[in-house]
Amino acid sequence: TAVLSPAPGRVAGYALVKDIFGEPALVIKAELAGTVQKQGTKTLIWYVVFLSTAFVVFGAAMFLIMERMVLSRLSRLDSEVAAIGKAGDADYRVRVEGKDEISNLASSINAMLASIVRGEERFQSLIENALDIIVIIDREGKVTYESPSVEKVLGYERGYFLNRNAFEIVHPEDIDTVMKTFARLLL
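Position 182 (the sequence shown) corresponds to 203 in the working numbering; numbering is contiguous.
Don't take every hint at face value.
Stated by the list, open to error - Okay, the calculated beta carbon distance ranges per label pair:
| no. | residue 1 | residue 2 | range |
| --- | --- | --- | --- |
| 1 | Ala103 | Asn186 | 54 to 62 Å |
| 2 | Arg97 | Glu149 | 35 to 43 Å |
| 3 | Glu149 | Ala103 | 49 to 57 Å |
| 4 | Asn131 | Ala75 | 54 to 62 Å |
| 5 | Val77 | Ile41 | 32 to 40 Å |
| 6 | Leu183 | Met87 | 32 to 40 Å |
| 7 | Asp121 | Lys63 | 42 to 50 Å |
| 8 | Asp197 | Glu142 | 50 to 58 Å |
I should point out that these hints are in silico values taken from the structure, not numbers from a laboratory.
Every residue gets a Cβ at the ideal spot worked out from N, C-alpha and C, and that includes glycine.
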């Protein structure tokens, strides 16, 4: 009887040799000390440790690069746009840094703000020079703006109606109609 398993701590390799008729004739066995297997296992473990470490370092580096070059810039742009919206002043501008998509977005925001300012200036010019009486009133009916035409058309000094209730100057017979119309506009 032949024993095909190697001794403990050893590695064996086997080859079958056939005769001229193709029948199995002989088994060749090569047996070595298990140091090759141990070295292979050690190498495999070090390879896995190296790759894991490389992935962690590469991932951390990518996160830092994304944070510095993209996320922090988007966060700053977001806070600047929010500050402009909160201030309600389209004359402010956001900072433009670099020559990439984020700086293109910042430039587009600045162009939009400039367009809003130009539109507001045109609108202001139309209102200031119109012969129609234009007033802006809040939800409670208080006058918050009156156009200069109040003086030209009605003869009242500019500012006369500011902070007054607009419904006080409506004829008593028209007050119901005006109030219903105003209520419909608030919906």
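Evaluation of the provided hints:
Between Ala103 and Asn186 the Cβ separation comes to about 35 Å, which falls outside the hinted range of 54 to 62 Å. One distance hint, 35 to 43 Å for the beta-carbon pair Arg97 and Glu149, holds here, with the actual separation near 37 Å. Here the CB-CB span from Glu149 to Ala103 is close to 31 Å, at odds with the stated 49 to 57 Å. For Asn131 paired with Ala75, a C-beta distance near 42 Å fails the hint of 54 to 62 Å.
Between Val77 and Ile41 the C-beta distance comes to about 59 Å, which lies outside the given range of 32 to 40 Å. Checked against the hint of 32 to 40 Å, the C-beta distance between Leu183 and Met87 comes to roughly 53 Å, which is inconsistent with it. Under the hint 42 to 50 Å, the C-beta atoms of Asp121 and Lys63, about 47 Å apart, fit the expected range. Between Asp197 and Glu142 the C-beta distance comes to about 39 Å, which lies outside the given range of 50 to 58 Å.
In this structure, the hints that do not hold are numbers 1, 3, 4, 5, 6, 8, in rising order.
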